[in-house]
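There are 2 protein chains.
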Amino acid sequence: MRKTKNFSDLDSVHAKQLQVLNFVREKDNCTRTEIAEALDIDKKTVSTLVRDLSNKLLIESAGYKDSQVGRRQEILRLNGAHSNFIGIDLGATHVIGILVNLRGEVVDRVYFEIRPQLPVKLILEQMKTVCQTLIKSQRATAEIPSIGLCVPGFVNPDTGISVIAENIPGWRDVRIREIFEQEQGKPVYVEDCSRAAGFAERWLGEGKQAKDFLTLDLGYGIGMSLFLNRELYTGSGYKAGEIGHSVVKLDGTECTCGKRGCLETVASGRGIARQAASGIAEKRSELLERLTHGKCETVTAHDVAIAASMNDEYSVALLREAGRYIGAATANAVNLLDPQLLILGGGLVNAGSILIDSIKESLKQYTMMGIAEDIEIRVSKLGVDSSALGIALIAMDRIFCP
Amino acid sequence: MRKTKNFSDLDSVHAKQLQVLNFVREKDNCTRTEIAEALDIDKKTVSTLVRDLSNKLLIESAGYKDSQVGRRQEILRLNGAHSNFIGIDLGATHVIGILVNLRGEVVDRVYFEIRPQLPVKLILEQMKTVCQTLIKSQRATAEIPSIGLCVPGFVNPDTGISVIAENIPGWRDVRIREIFEQEQGKPVYVEDCSRAAGFAERWLGEGKQAKDFLTLDLGYGIGMSLFLNRELYTGSGYKAGEIGHSVVKLDGTECTCGKRGCLETVASGRGIARQAASGIAEKRSELLERLTHGKCETVTAHDVAIAASMNDEYSVALLREAGRYIGAATANAVNLLDPQLLILGGGLVNAGSILIDSIKESLKQYTMMGIAEDIEIRVSKLGVDSSALGIALIAMDRIFCP
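If you're matching them up, the sequences are chains A and B in order.
The first sequence runs 6 to 407 under the numbering used here.
The second sequence runs 6 to 407 under the numbering used here.
Treat the hints with caution; some may be incorrect.
To be verified - Once the Cα atoms are required to be at most 27 Å apart in a straight line, the calculated DSSO-like pairs of lysine-lysine come out as:
1) A:21 with A:213
2) A:32 with A:61
3) B:141 with B:126
4) B:365 with A:254
5) B:32 with A:21
6) B:49 with B:70
7) A:288 with A:300
8) B:48 with B:32
9) B:254 with A:254
10) B:70 with B:48
11) B:216 with B:49
12) B:365 with B:216
13) B:369 with A:254
14) A:70 with A:213
15) A:216 with B:216
16) B:191 with B:126
17) B:32 with B:213
18) A:365 with B:254
19) A:369 with B:216
20) A:191 with A:133
21) A:254 with A:365
Unchecked claim - Looking from chain B toward chain A, a few residues come up when the C-beta cut is under 10 Å (computed):
22) 20
23) 208
24) 229
25) 242
26) 245
27) 380
No lab work stands behind these hints, which were simulated from the structure alone.
Here a beta-carbon is modelled for each residue, glycine too, at the ideal position from N, C-alpha and C.
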């Protein structure tokens, strides 16, 4: 039989086939026998369904497994060659684009550093360039049926509008889906960066097995994604997850959001940099001053992490204090939601063990007894690409939930 | 046809009947035409289903409504006379028992004040007395198929064990379901008090229409219930909702939970009383001193509310500060969960407008722009019985979800 792949024909993947497809996605490597048992479908029907999905290039063989009884069994998995998807992550300091196959494996990647103060129009141009580069990628292994874009701040996936990104000046009501759909003529999916990162953890990272888990996205800003009862929870207006704007100091510094004392003012990449700039101006760290050649306004959280790794006392204290506040705000979220797993992710995780250890210590201190014992804390292994990866997975989601 | 009511026969209410029953419960007063339209079932089938449910005494007529076209239409509602349910709420300072009918209407009520330091055995005796009084109530309008018990702290509805209630000394791993099932020979359902109160709001209070809402239970302790995507969210270990143990002062007073600076230390009934006792000892409020006849250790949040209503400056400031912390901790929960509605409930709500206004002001101050505009804040109208009412509704839930 001819193997066919027709994207306009996705609805023809009927309910039973979808059940098998989603089981293979969830389990990754599995046999027909496992599918039959888990889904309570007789083996003959499973074989037919597997053949259909295989003909549609949605699943493939990943070799054979020896069986104690009877003949060896074929191992099935998603077929990466079915299609490729673009995921583009706009951060306050970067644009990352990746091209992944149906298995979520990265086949190509583009990275641009941007300055936080860039005009909106230029940022959009950068994103378009990244998208175009991936569309034309020589490394693509299949057609690209859809594109995902994630941006920080408030995003409405229904309207495709990026409502506001406090960390990008002037970024308001950008009709980002419309812009990219017109440019590319393909369906475009949009989401918030932290939620996209959570989606990547859900399918390819630490969150695969958990019913309730939270991912903390520690970057230039701080966000959280919430997976409750195995589903991404977005809130009544797609604004859930704003832990970065938790009040941690009732009369603290003014935040980009207009409030005072938010977690982001003391513990985000931006907040750490702002404090470090003051520290340099006040001559509290010779090393930071040298690293930034005295231009204190150019200092970044990355510089602080480097200085801390060289035992600069001021930088170590700054990261410890940031970790303490992150831990306390996160403990409040944990006390409220009683998740089984917390995943620490985002660029700041690379600041190293001083920050991570301080977060863990503070979490332990401020999480309630009875809840603290049950929660597992893991550091993301997905690195800086997690949001781009997640939004690519969101773009491919209609394959699995048409 | 004979009207029958058989509790062992609840499974005989088949899927379509249940759909209609639940629609009638959700809508309260509705007509056959509305049912047919909403559930996409033809009118003749609806009539049969309504007759069946009516024969089982589950729904009844609530009169007629004039129709512009055709004949007047019968209004349907749940039949209160189907069954009665007991709900018992153990608080740190009271045991409240209520008897409700299937419509959630209170048919009898028992109230006991208890001292917070009472031994566990005596508290259980009090609860048993309340239960027995309601079992024998002359006001009962129907059989009592099941009983609900709610207790503060960590409760596991699966095992029926009340794990810990920090505000009741010595209360640990009380097999509360087993104790009452043995005593009464009826199914017993247990839940946490704050979640029970939320359940009452969901069905009989302010939360009937909302997809995502939070209820704040301000009492001797402080708890929160979370209704997300129309469902009660309990967390991975039934411990969700511990907003009372949010850290609001990083180096604050020690809390009953063992941590420092929890919201409860400054803003719960217990926390307010503790601060008032210090205030009296430090001669900061003549009025409070008079109200408590100088026995500062007996002062309650209720005394503070009275003094505040008489313009006692110290008491006003105490309630304002409590409201400020409650608002800040709740704003953090709102920023995290983006609910459309927040309901303020619990005994402290009776402390009056000084506290409520301060909570609202602080919520406005600390909730993020873009989220603050979308959330509605309401004060519960269910009063001190809300938890008892909610746990009675939980006990009746198997009628609707067998």
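Results of checking the hints against the structure:
Simply put, residue 21 of chain A and residue 213 of chain A have alpha-carbon atoms about 23 Å apart, close enough for the 27 Å limit, and the pair holds. Taking the CA atoms of residue 32 of chain A and residue 61 of chain A, the gap is about 20 Å. The hint holds against a cut of 27 Å. A distance of roughly 23 Å separates the Cα atoms of residue 141 of chain B and residue 126 of chain B; the hinted pair therefore holds under the 27 Å criterion. Between the alpha carbons of residue 365 of chain B and residue 254 of chain A the distance comes to roughly 18 Å, so the proposed pair stays at or under 27 Å and holds.
A hinted pair counts as satisfied when its Cα atoms are at most 27 Å apart, and residue 32 of chain B with residue 21 of chain A does not qualify at roughly 35 Å. The suggested pairing of residue 49 of chain B with residue 70 of chain B holds, with an alpha-carbon distance near 19 Å, which does not exceed 27 Å. For the given pair, residue 288 of chain A sits about 12 Å from residue 300 of chain A by alpha-carbon distance, which is consistent with the 27 Å threshold. Simply put, residue 48 of chain B and residue 32 of chain B have alpha-carbon atoms about 18 Å apart, close enough for the 27 Å limit, and the pair holds.
A hinted pair counts as satisfied when its Cα atoms are at most 27 Å apart, and residue 254 of chain B with residue 254 of chain A qualifies at roughly 8 Å. The suggested pairing of residue 70 of chain B with residue 48 of chain B holds, with an alpha-carbon distance near 17 Å, which does not exceed 27 Å. With a C-alpha separation of about 32 Å, the suggested pair residue 216 of chain B and residue 49 of chain B falls outside the 27 Å cut-off, and the hint is violated. Straight-line distance between C-alpha atoms of residue 365 of chain B and residue 216 of chain B comes to about 22 Å, which keeps the hinted pair within the 27 Å bound.
For a cut-off of 27 Å, the pair hint linking residue 369 of chain B to residue 254 of chain A stands: about 16 Å separates their Cα positions. This hinted pair checks out: residue 70 of chain A and residue 213 of chain A have alpha carbons roughly 23 Å apart, not beyond 27 Å. A hinted pair counts as satisfied when its Cα atoms are at most 27 Å apart, and residue 216 of chain A with residue 216 of chain B qualifies at roughly 21 Å. This hinted pair checks out: residue 191 of chain B and residue 126 of chain B have alpha carbons roughly 21 Å apart, not beyond 27 Å.
With a C-alpha separation of about 9 Å, the suggested pair residue 32 of chain B and residue 213 of chain B falls inside the 27 Å cut-off, and the hint holds. For the hint linking residue 365 of chain A to residue 254 of chain B, the alpha-carbon distance of about 18 Å falls within 27 Å, and the restraint holds. Distance restraint check for residue 369 of chain A and residue 216 of chain B: the Cα-Cα separation of roughly 33 Å exceeds the 27 Å cut-off, and the hinted pair is therefore not satisfied. Of the pairs offered as hints, the one joining residue 191 of chain A and residue 133 of chain A holds, with about 14 Å between alpha carbons and a cut-off of 27 Å not exceeded.
Annotation: proposed proximity of residue 254 of chain A to residue 365 of chain A holds, straight-line Cα distance about 20 Å (limit 27 Å). A hinted interface residue such as residue 20 of chain B counts as satisfied when its beta carbon comes closer than 10 Å to some beta carbon of chain A; here the least separation is about 19 Å, so the hint is violated. Because the smallest distance between the Cβ of residue 208 of chain B and any Cβ of chain A comes to about 20 Å, over 10 Å, the interface hint for this residue is violated. Taking 10 Å as the C-beta cut-off, the interface hint given for residue 229 of chain B holds, the closest approach to chain A being about 7 Å.
Taken as an interface hint, residue 242 of chain B checks out: its beta carbon lies about 5 Å from the nearest beta carbon of chain A, inside 10 Å. Residue-level restraint check for residue 245 of chain B holds (minimum Cβ-Cβ distance to chain A is 4 Å; threshold 10 Å). With a least beta-carbon distance of about 8 Å to chain A, the hint placing residue 380 of chain B at the interface is held under the 10 Å criterion.
Checked against the numbered hints above, the structure breaks hints 5, 11, 19, 22 and 23 and satisfies the rest.
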